[in-house]
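In the numbering used here, the protein residues as written are 37 to 419.
A couple of the hints might just be wrong.
So the derived label-pair ranges between C-beta atoms look like this [stated by the list, open to error]:
#, residue 1, residue 2, range
1, 239, 309, 44 to 50 Å
2, 314, 133, 49 to 55 Å
3, 389, 314, 53 to 59 Å
4, 238, 309, 46 to 52 Å
5, 298, 257, 45 to 51 Å
6, 236, 90, 26 to 32 Å
7, 75, 122, 30 to 36 Å
8, 275, 133, 19 to 25 Å
9, 104, 301, 22 to 28 Å
10, 126, 297, 20 to 26 Å
11, 77, 130, 34 to 40 Å
Keep in mind that the hints were calculated from the coordinates and are not lab data.
We treat Cβ as the ideally placed atom computed from N, Cα and C, and that holds for glycine.
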Amino acid sequence: MRTLLFTLKRVLLLLVTAFLLAGCGKYEEREREVGYKGLARINHLLAAERMATQMGLKASSYAGAPVLPPPYGTVLVLPAASLQSEGILEEISDWVDQGGNLIVYLTLQNEARDIFSGTAQEPPFQAFLDYFALDFDKQPMRIISREEGESGKSERVWGEKIEWVDFVREDSYQTDYHSPYLLTDLDYAEDEASAFQSYDYGLGHLTVLGSAELFTNKHLGKAEHATLLWDILTVGEGDTVWFVHSTRVSFFSLLWRRAPEALIFSLVTLALLVWWAAKGVGPRFVRGTNPSAKLDEHLEASGAFFLKHKAEGVVVSRLREKLFHRLARATNQPFNASQEELLTAARAQGVLAESEVTALTSSTTNKSLLSTLQTLKTLDKKL
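Based on the sequences and whatever the hints tell you, model everything.
If you want it as C-alpha cells, here you go:
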C-alpha cells in the first residue's frame, strides 16, 4: 500500500513538472505608452518641428520671444494671441514686409476655444486681426476637404517645394479636422470665409489659420496634414523654421539683451556721482571772519519777528507795568505815583542803574528788543 502511494506521488510530481516546463517556450513582451511624455507633453508642435528637421529644414522651438531673425529665408510659426501690443505688431509687420514668411494660428487646440465665449471680453487675437484687416466667424465645424482616394489638382513628389499653396477650400489636400473659426479678408469681404487665409505681404508671405489642430502631435499624421504643413513652410526660399509659443519677453532675457546699454548707463552715472562728491569740486564755502556779526544779524532778525507779531505790546508793556508796581514798593512810594516820580526816587535811592532806567522808558527797535527783554527780566528778579 505504501509502495502504491509513493508511486502515485512520484507520478503526480512528474506531471506538475512537465506542465510547468511546457510553458517555458518563447514569448514576446511588448510595452505600450499611453499619452504623451517628455517634450511632447508641453510642446504640441514637436512632431511638426521634427518633421521639418528630417526634411532638411533648420527647425527650432522657443518658449519666449527671441530676437527676430533676418527676414529673408526664415519662417515664423506663432499664436496670434501673443501679438497684442502695437509695437510688436508693427515690428512683425515690418519683418514680413522685408521678406519674412509668417504663419499665425488663432487657436492651437480647440478644447480651449470658448474661453471668452458668452462674455464681453474680446478674443486675445482681436488686435492681430484688426491690424491685418481680417475678421473671423465663430462657426465650429469639421473641415473635410476631400475623401480618401480622391485625386487632387496635381500629383507631386513628397518633399517637393511649391510656389503657392492651394488651401483646403480649394479641395487640394485631404484633411479632416475641426476648426472653431472661419476667416475673412476685409479687403475682399465678398469672398467666402475659409479656415485659411494666405497672401503675399510686401516682399514676404502671411498665412493665417483658424486652427492649428491639424499640425499638432495628435493630428499631423492623419490624411495629408503633413503635406499641407510642408507646403506652407516652404513657400518661397525659406530653409529655417522657428516655432515660437509666445512673444512675451521675460525680465532676465530683456535685461541680458539690454545689458550693454544698462552697463554704460551705470558707469556714466557712477562717474557723475564720483565727480560730484569728489573733494575740491564745486564752489567752496567760506566762513565769515566775524562770528559776532552773524549773531547781531540773528538778534536783529529775531527782534523784527517779535515786533511784527506785536510782542512789545503783549510782553514788554506788561512786564514794565509789573516792574513799576514793584518799584513803588521798593522805594516806599504810593502805588498811584507817576512813573517820573518813581524813577526819580529810584535814582535817588540807588535802586536802578542807568541801563535799567533806559529799558523801562525807551522805545524798542528790531536790534534792541531782545536786550531790553533781558534787562527787564534781570530787574524782575532783582526787585
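CB-CB spacing for residue 133 and residue 314 relative to the 49 to 55 Å hint: At 52 Å between Cβs, range holds.
44 to 50 Å as the expected CB spacing between residue 309 and residue 239, which holds or is violated: holds (49 Å)
Cβ separation of residue 126 and residue 297, checked against the hinted range 20 to 26 Å: holds (21 Å)
Assessment of proposed distance window 30 to 36 Å (beta carbons of residue 75, residue 122): holds (34 Å)
Range hint compliance [Cβ, residue 236 to residue 90, 26 to 32 Å]: holds (28 Å)
Status of the given 45 to 51 Å range, CB of residue 257 versus CB of residue 298: holds (47 Å)
Distance restraint hint 53 to 59 Å, applied to the beta-carbon atoms of residue 389 and residue 314: holds (58 Å)
Cβ distance range 19 to 25 Å for residue 275 and residue 133, holds or violated: holds (20 Å)
Range agreement (Cβ of residue 309 with Cβ of residue 238, hint 46 to 52 Å): holds (48 Å)
Residue 104 paired with residue 301, Cβ distance criterion 22 to 28 Å: holds (24 Å)
Satisfaction of the hinted span 34 to 40 Å by the C-beta atoms belonging to residue 77 and residue 130: holds (35 Å)
Hint compliance for this structure: no hint is broken.
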